[in-house]
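S.K.: Starting from the known structure of chain E, fit chains X and Y with the ligands onto it as the hints suggest.
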Amino acid sequence: MSDLTHMSIAGALKGLESKDFTAVELAQAHIDAVEAAKDLNAFVTETPEIALKQAAESDKRRADSKAGALDGIPLAIKDLFCTEGVQTTASSHILEGFVPQYESTVTANLFREGAVMLGKASLDEFAMGSGNTHSYFGNVINPWKGEDGKPLVPGGSSGGSAAIVAARAAMGATGTDTGGSIRQPASFCGITGVKPTYGRCSRWGVIAFASSLDQPGVLARSTEDCALLLQSMAGHDPKDSTSAQKDVPDFAAAITGDIKGFKIGIPKEYRMDGMPDEIEKLWQQGVEWIKDAGADIVDISLPHTKYALATYYIIAPAEASSNLARYDGVRYGLREEGEDLRAMYEKTRAAGFGDEVKRRIMIGTYVLSAGYYDAYYIKAQKVRRLISEDFTKAFEQCDALLTPTAPSAAFAIGENEDDPIKMYLNDVFTVPASLAGLPGMSVPAGLNADGLPLGLQVIGRPWDEETVFKVGGVLEEKAAFTALPQSVIRKAA
Amino acid sequence: MSMDKETVRKVAGLARIQMDDAELETMAPQLSKIIDWIEQLAEVDTDNVEPLANVVNINLALREDKITDGDCADKVLANAPEDVQGFFVVSKVVE
Amino acid sequence: MAQLTKGKTGEWETVIGMEVHAQVIAESKLFSGASTKFGAEPNSQVSLVDAAMPGMLPVLNEHVVEQAIKTGLGINSQVNKHSVFARKNYFYPDLPQGYQISQFDQPIVGEGTIEIDLKDGTVKEIGITRMHLEQDAGKSLHDQHPTKSYVDLNRSGCALMEIVSEPDIRGPEEAAAYISKLRMILRYLGTCDGNMDEGSMRADVNISVRKPGAELGTRAEIKNVNSVKAVQQSIDFEVQRQIEILEGGGEIKQETRLWDPDKNETRSMRSKEEAHDYRYFPDPDLLPLELSDEQIERIRKTLPELPDEKKHRFMDEFGLSAYDASVLIAERPRADYYETVAKDRDAKLAANWVINELLGILNKNDQDIADSPISAENLGGMIGLISDNTISGKIAKDVFAEMYKSGKDAGSIVEEKGLKQVTDTGAIEAIVDEVLAENPDNVAAYKGGKDKLFGFFVGQVMKKSQGKANPAAVNELLKQKLS
Ligand SMILES: [Mg+2]
Ligand SMILES: [Zn+2]
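Respectively, the protein sequence lines represent chains E, X and Y.
First residue of the first sequence? That's 1 in my numbering, and the numbers climb one at a time after it.
First residue of the second sequence? That's 494 in my numbering, and the numbers climb one at a time after it.
First residue of the third sequence? That's 589 in my numbering, and the numbers climb one at a time after it.
Be aware that one or more of the hints could be misleading.
What the hints assert, rightly or not - Below, simulated DMTMM-like cross-link-like pairs (lysine to aspartate or glutamate); rule was C-alpha separation at most 25 Å, straight line: (1) 498/X / 417/E; (2) 625/Y / 497/X; (3) 347/E / 682/Y; (4) 422/E / 518/X; (5) 936/Y / 986/Y; (6) 982/Y / 965/Y; (7) 526/X / 258/E; (8) 263/E / 417/E; (9) 1051/Y / 990/Y.
Said to hold, decoys possible - According to the in silico footprint, chain Y covers these stretches of chain X (three or more CB under 8 Å from chain Y): (10) 517-523; (11) 551-559; (12) 566-576.
Since the hints were derived computationally from the structure, they do not count as laboratory data.
By construction, the Cβ of each residue, glycine as well, lies at the ideal position given by its N, Cα and C atoms.
The shape of chain E in the complex, shown without the other chains (with noise of 0.2 Å):
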């Protein structure tokens, strides 16, 4: 039954519903599925035993008619979510073999709709990363390859997420987006993603990296999935306090296919030196489609867009570098012992955290720094309010952005690792809608030269997730993304 892993959630959950097949079926089809696409290594701990405990215990609710929105639906979990009882390492040698005594909210959100866990999803180590490839666990594997056949990453942190959704081993995926860690793999695997609005959903047992920007949010293969998972995950809770107390609409209800009269704003700024043809193309093909849905175009400028990725690196390294403080080989973790306490402190840090993770806490300590304050820290939050204030002037004149989500389609692995900054413009047109908070989606909307996916953004205004859904649920539509990664095309041959 492999049709079973093509589904969308919304149509698995109606086979569910009908008896055409049960939830613990639906598991052992992708418990299978997960086994076939080892090669990607998305995951760091796979949970199959788990999923058909979960899946059977559905398969009851669903019997006596209490089953969730959720309720059977196979998900892979990012691995920065803690999961009580089961290994939870945010892809580092540093927490590797912490067993969590609790259930982050997200996670808990899901499981209490029903939703069933597959493994915990490999990730950039403590989601640093746009290419999976800083993981202690090893590369991610994108299920989709270019002419030449070399692998490709996948995109990060969210890679393992992205990665087995898009090789259709899970049904969905949960991702943590703190400057497009969710947009930006989602776009490099030709899948949706959505980061929905900074406090929309809670952070209470997501391991932190940068606590002003990290947001959980959902990787899935359409918008109306991405919706149900959101609806699910997303709403208050008093353990976070930067969650706000908002009522949660329905996303999917959102998704009408209608955008007549909205207003799309174009940012000029977005159109940088040296962009691909392909990516500009893509951009203007999107503009094409919003058009013709009787969507206006405007053209609207975020002046401050240039100065985002330099904003965001040094606000990200320096939040990481307190929030990776709690690392230090006395209550979980890795210890590595040493002649006395502070050796002890410094050996374990220096074994347990990867090179890019050490570079991000040597920025965020050296920023922070007594006399280096005020020239970084201070200054990155000044323009962070100036990019802020460009989006609520944008939103004065158009109800949502297009833009694209990447510069590029997904590279080959080793290639950008020689220079961290070039890892970093990975993220340039993610990051400022990230810094304002605000909500953003990626949608898969065409392939390259080179057969690889690509993906349109849409940044909405904060708390505007339905906007970003309609607005998606267009392009979606006019793009009709078909293509599948070679890894499935492969296997159903």
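M.R.: Chains X and Y with the ligands alone, transformed into the frame defined by chain E:
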């Protein structure tokens, strides 16, 4: 180079990450390049701009002063590298 | 005015500023729902937040905020409507997060003043620089194992108020008066129990010396100063140490020193010597704390009468001396007790009994006013019996002792033991006659000019009446009969 080897050594000390000379040598130019790159912010006019620390536009919610947590030493110690009689154990701290 | 210390090169002035950490009275911690009770099993009052498990987040305790506002108002300080929690980053095993959530450049309470009373009767104002809220750290035990330290996080995350004074304090007496006054105010407010033994109030003392009128000298920060006595002793030691260094041509190093109460000395803290760079920045897990005028005013209305006000009222309303008033207001329960005793009674007499007798015996038996077997109502009842001549002051002492023993009220004791004062002149006259008849020699001697014997007759009459005869009536009758 904005971050020379000695600066990197100092920062690594603050961050409690052991780095040998070879690592400091590799790290210094990498970090310097990043710092030089982020220094482009200097060209932005931020006079009279308030720093923005939080984007979420809500008031800080407070909790009631009630005991709702604790009494879970087993959970607290479950992942401890070393513990004795309910205490975490580390190498002796010299005051 | 200023206390000066004589050195070899002349006089030195001591300049002191204090940082007092006071644990806020609250059921639960500053950012978690774990209990704050003292003395529990290790790590039993630790939430996953306090242990800084990955992904855990702080949520601010509403009551602690109110306590801080109350304290700010109680120390006559500015309450800031906008304040910010910041992270102070450093590594230490009893600091699980790797940072302490504190307040840095935007604390909840700003400038203010505290008045201290000095022995010479003068009042001095000590400036308050600021007060902020912050998390307490856990506790490391170093004496349980030869090469290991044990870490207990029970105290980790308890709410502290750090109250920072201006360098207005000029010597050990003022320092002691300052910390005692601060402690008294906090206890009045009910925001800190002031228990220095259990560490719920701890002082860091910043000390420097200078030639009078000169620029401020380099200061040393003395930690671990955990009693009023230690405050005085550590200052005495540190002032001498600094003067000796300076007079020997040396320089004072700006450093943190530890007070060792056993050796009576301060010593350099090796582990703290490394230059700190705390990298403060606003905690991104928390939003700024915004207070409204209404909220502050609502709390202002709940403030109790504070020690200074109470002292002046006691002096005005009850006619007490400044000294008696200070003794009575030193603790709020003591002042309340006194007021109950004195209500509608002879207030000065009440003050004498509370201060001299009650506090005397409680002190002797190491008891608090809350433990007093004599209730305020009962002591008041006894004062009433004295005032209306039911019992004499002398009998009252016996009644008091009995009340302390049994907890009974004065009326029933007087009744049971028949201690009621005899005021009936007929009855007293009979006893007087009896005494005179039994002592003819003394009567003759008295009449012969030995005036001193008058006291003997009074004593005999009182003895025969078992102390119950009204002394005034006895005097009167004896005078008549012996003239
Ligand atoms: Mg201090
Ligand atoms: Zn402090």
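S.K.: The structure should be examined with respect to each hint, and the outcome stated for every one.
M.R.: Evaluated hints:
For the proposed pair residue 498/X and residue 417/E, the alpha carbon gap of about 22 Å is at most 25 Å, so the pair holds. About 49 Å separates the Cα atoms of residue 625/Y and residue 497/X, which puts this hinted pair outside 25 Å; it is violated. The suggested pairing of residue 347/E with residue 682/Y holds, with an alpha-carbon distance near 19 Å, which does not exceed 25 Å. Between the alpha carbons of residue 422/E and residue 518/X the distance comes to roughly 21 Å, so the proposed pair stays at or under 25 Å and holds.
Of the pairs offered as hints, the one joining residue 936/Y and residue 986/Y holds, with about 20 Å between alpha carbons and a cut-off of 25 Å not exceeded. Straight-line distance between C-alpha atoms of residue 982/Y and residue 965/Y comes to about 20 Å, which keeps the hinted pair within the 25 Å bound. Proximity of residue 526/X to residue 258/E is assessed by CA-CA distance (about 48 Å); at most 25 Å being required, the pair is judged violated. Pair hint residue 263/E plus residue 417/E does not hold up; C-alpha atoms about 40 Å apart against a cutoff of 25 Å.
Straight-line distance between C-alpha atoms of residue 1051/Y and residue 990/Y comes to about 20 Å, which keeps the hinted pair within the 25 Å bound. Check on the region 517-523 of chain X: 0 of its residues sit with their Cβ under 8 Å from a Cβ of chain Y, so the three-residue criterion for coverage is violated. Under the rule that three or more residues need a Cβ within less than 8 Å of chain Y, the assignment of the region 551-559 of chain X holds, with 9 such residues. Residue count for the region 566-576 of chain X with a Cβ under 8 Å from a Cβ of chain Y: 4. That meets the three needed, and the coverage hint holds.
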